[in-house]
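Asks: Just so you know, this note's numbering puts 231 at position 95 of the sequence shown, and the rest follows in order with no gaps.
Incorrect hints may appear among the rest.
[Claimed, not checked] So the derived label-pair ranges between C-beta atoms look like this:
(1) T192 with R168: 13 to 23 Å
(2) K274 with S141: 18 to 28 Å
(3) E207 with H173: 26 to 36 Å
(4) R159 with G230: 48 to 58 Å
(5) G234 with E207: 44 to 54 Å
(6) G188 with C236: 43 to 53 Å
[To be verified] Lysine-lysine pairs mimicking DSSO-like chemistry, simulated, CA-CA at most 30 Å apart:
(7) K179 with K224
(8) K179 with K193
(9) K256 with K274
(10) K256 with K186
(11) K274 with K193
(12) K256 with K224
(13) K179 with K256
(14) K274 with K186
(15) K186 with K224
(16) K274 with K179
In short, the hints are calculated from the structure, not lab data.
Bear in mind the structure is a predicted one, so any value in this text is a computation, not a measurement.
Just so it is clear, CB atoms sit at the ideal spot from N, CA and C, and this is done for glycine as well.
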Amino acid sequence: MRMNSEFTIAVHSLVYLASRPDRMATSDAIARNVNTHPSRIRKVMSLLRKQGYIGTKEGIGGGYLLERLPEQTTLAEIYSATSFGSIKPGWCSGGEVGDCMIACRMEAVMDEIFTETEAKLLQHLESMTIRDVLQRVKAEETST
137 MRMNSEFTIA VHSLVYLASR PDRMATSDAI ARNVNTHPSR IRKVMSLLRK
187 QGYIGTKEGI GGGYLLERLP EQTTLAEIYS ATSFGSIKPG WCSGGEVGDC
237 MIACRMEAVM DEIFTETEAK LLQHLESMTI RDVLQRVKAE ETST
């Protein structure tokens, strides 16, 4: 099971924008920094714009800019906007047909486990902001 990459792309992009306050960044510039295709950046940035995390300016000199202070945006918010429910796999073993108690109940039990796991993840991510991630990146740079 793997979480979708939109969360990582969104956090990376927001941290990149936070590192350049008051300066626009194009999807090409962000894509180079994230190391992905600009179309993937535009898809994620469109979602973030609709949620009010970033603003855009079209045309020459345009690009993306943070709409909220980095310390006001939690990773839980970004996870909820981009990836909520991605911990639960699309398919689970078992099913309600048959005589076996394990097969009949496994899907419901696993669903509960994944729901609990996601709740704990959200609780953890609620304690971290885009600013915190930027500070960690800067601390990592000075320690190497």
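Asks: Take the C-beta atom of R159 and the C-beta atom of G230, compute their distance, and say whether it sits inside 48 to 58 Å.
Replies: With Cβ atoms ~52 Å apart, the hint holds.
Asks: Given the hint that K256 pairs with K186, does the C-alpha gap stay at or below 30 Å?
Replies: Satisfied, since the Cα-Cα distance of roughly 26 Å is no more than 30 Å.
Asks: Holds or violated: are the alpha carbons of K274 and K193 at most 30 Å from each other?
Replies: OK: K274 and K193 at ~28 Å, within 30 Å.
Asks: Is K179 close enough to K256, meaning Cα to Cα at most 30 Å?
Replies: Satisfied, since the Cα-Cα distance of roughly 27 Å is no more than 30 Å.
Asks: Is the Cα-Cα distance between K274 and K186 30 Å or less?
Replies: This hinted pair holds, its Cα atoms lying about 29 Å apart.
Asks: Quick check: does the Cβ-Cβ distance between K274 and S141 fall within 18 to 28 Å?
Replies: 24 Å, holds
Asks: Quick check on a hinted range of 26 to 36 Å for E207 and H173, using CB atoms only.
Replies: 30 Å, holds
Asks: Has the given pair, K186 with K224, been kept, meaning a C-alpha gap of at most 30 Å?
Replies: OK: K186 and K224 at ~25 Å, within 30 Å.
Asks: Does the Cβ distance between G234 and E207 fall inside 44 to 54 Å?
Replies: 52 Å, holds
Asks: Within 43 to 53 Å or not, the Cβ separation of G188 and C236?
Replies: This hint holds: roughly 49 Å between Cβ atoms.
Asks: Take a quick look at whether K256 and K224 sit within 30 Å of each other, Cα to Cα.
Replies: At roughly 13 Å apart (the allowed maximum being 30 Å), K224 and K256 satisfy the hint.
Asks: Is it true that the CA of K179 sits at most 30 Å from the CA of K224?
Replies: 23 Å, holds
Checked against the numbered hints above, the structure breaks none of them.
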